[in-house]
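Chemist: Chains A and B, in that order, are what the protein sequence lines are. The opening position of the first sequence corresponds to residue 1 in this note's numbering, with each subsequent residue numbered one higher. The opening position of the second sequence corresponds to residue 1 in this note's numbering, with each subsequent residue numbered one higher.
Note that these hints are calculated values from the structure, not bench results. Note that this is a predicted model, so its numbers are computed, not measured. Honestly, I wouldn't trust all of these hints.
Cβ-Cβ distance ranges computed for the label pairs, FRET-style [to be verified]: (1) B:S129 x A:D111: 46 to 56 Å; (2) A:P128 x B:T202: 31 to 41 Å; (3) A:T48 x B:L50: 56 to 66 Å.
We put the beta carbon where it would ideally sit given N, CA and C, even for glycine.
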Amino acid sequence: MGQIKAGAIAKGTFLLEKDTPFIVTEREFVSPGKGSAFVRIKLKNLKTGAVLKVTHKSQDIVEEIDVEDVVSQFLYSDGESFHFMNVETYEQYEIPMISMSDMQYFLKEGDSYKVVRWDEESLDIKLPPKMDLIVTEAEDAVKGDTVTGATKYVKVETGLTVKVPIFIKQGEKIRINVETKEYQERINN
Amino acid sequence: MNLDTIRQRSLLTQKTRQFFVDRGYLEVETPLLSPQLIPESSIENFRTELISPYKESIPLFLTPSPEIWMKVLLSRGSGDIFQLTKSFRNSEQISPVHNPEFTMLEWYKTGIDADKNISITEDLVRALSGKETPDSVKAPFRTMSMEEAFREFAGFSLEENLSEKALAEKNRKNHIPVDDDDNWEILFHKLFLTLVEPELPTDRPLVLNRYPSTIKTLAADIPDSPWADRWELYMNGVEIANCYSEECDPAKIREYYRIECAEKEQNSLIPVLTDPEYPDIFSTFPDCSGSAIGMDRLFAQILGMRNIEGVILFPLSDIVS
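Chain A with its partners taken away, still in its complex shape (with noise of 0.2 Å):
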């Protein structure tokens, strides 16, 4: 556990607020009209989905937590909790679904992730910026249909459903943007 001055929070950084520990989701450098230089910033709890907005001097000390990155492998989800094996010690670690739930859509079985672990507690799963995932519901493009630019809605693999060019075809692989969900590019193996 380290003291920063809160000047130093980026987004991303896990600190300790009322003895829970949160993300930084969004910071913010405020100096109001005639006022000393301060943090806004957004925290999130990952287990309870709990949203704190709070504000610090630029030159308060918050706590941020040393977080350890731990691979380990997917298992499965029972609808409430994801599951994790440690891929070194067999370890398994649940992960409520609460705040995350979003993350089923990236998260195939068996696949190894890293899971950020900060005092026997679970607080984040890191995924890759884009992932490459194998479409597996998709209508065929109607005959005549050349407008460029046309769209339409595909299933893949983890249930996700997206927007994808209308060539794109059931069994493609295609790159999506984990953060805002989209369609990227068609992957040629």
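Fit chain B to the given chain A structure using the hints.
Modeler: Same frame as chain A, but now just chain B:
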């Protein structure tokens, strides 16, 4: 910064100058290097020195606004004046709305108060707006008092909760962490910045006025009220301008100097020099309203941008590695 934006910026600067010249203001140039500053505890400054091979060097400061010398001109009977100049502020985090040196427009109009200066500012924005200017930036402005903003967005009356104890309590109630040594100003700003400012309406420019007079400034107080006669202009949530009915009472200015000098001595990273005689100029100072605009911010908004780096030819973040 592309060539087109350089031309647009140049045109906006010319229009700004013409706007004030047409209205009878005198354009002035005052020192950027100053041996003393007005003490402002919320600002850190740039310090340098004049060196001489034969004498002791003289400390000088880059002015954080042209206020100090423009007020000397007013006290000597200059009448309405304006200035477009560089200003310098140290220790602010470089961000989409902060560059350590920036262009400031400052003007003083005699015989009016801060409220009357709203329409001058609206006229200026009208004169600068073009086809690329979003509606959220165009005049007319909406006006809201600090009390109205607290009632609407924080859910309580600021006027009824102005004590330090009440502010600390409101912070706790709203789950905002408070330190034992947080003073009145910190407690107020934590509430304002967490609950109020992010919620201010952005569909039109917003003039937020009547700030608590507990925040020490050189704005005149509104008699028989806890408010100071000053306002800040927001466009799309960004502070663009501030304006005062200027304090003219030398005794009150001396009191301001006493408090702010002590505060600066205690907390400033860069100590500054102030002139204890400066408050004396206010014995001949006219009733007036002064307003200042961060022009990089305004130009960015007028051109439909959010980031001032879009209108600064060489932002510091680009030229410092």
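Chemist: Could you run down the list of hints and mark each one as holding or not?
Modeler: Against the structure, the hints:
1. A C-beta distance of roughly 54 Å is found between S129 (chain B) and D111 (chain A), which places it inside the suggested range of 46 to 56 Å.
2. At about 34 Å, the CB distance of P128 (chain A) to T202 (chain B) agrees with the hint of 31 to 41 Å.
3. For the pair T48 (chain A) and L50 (chain B), the beta carbons lie near 60 Å from each other, so the given range of 56 to 66 Å is met.
Comparing the model with each numbered hint stated earlier shows that all of them hold.
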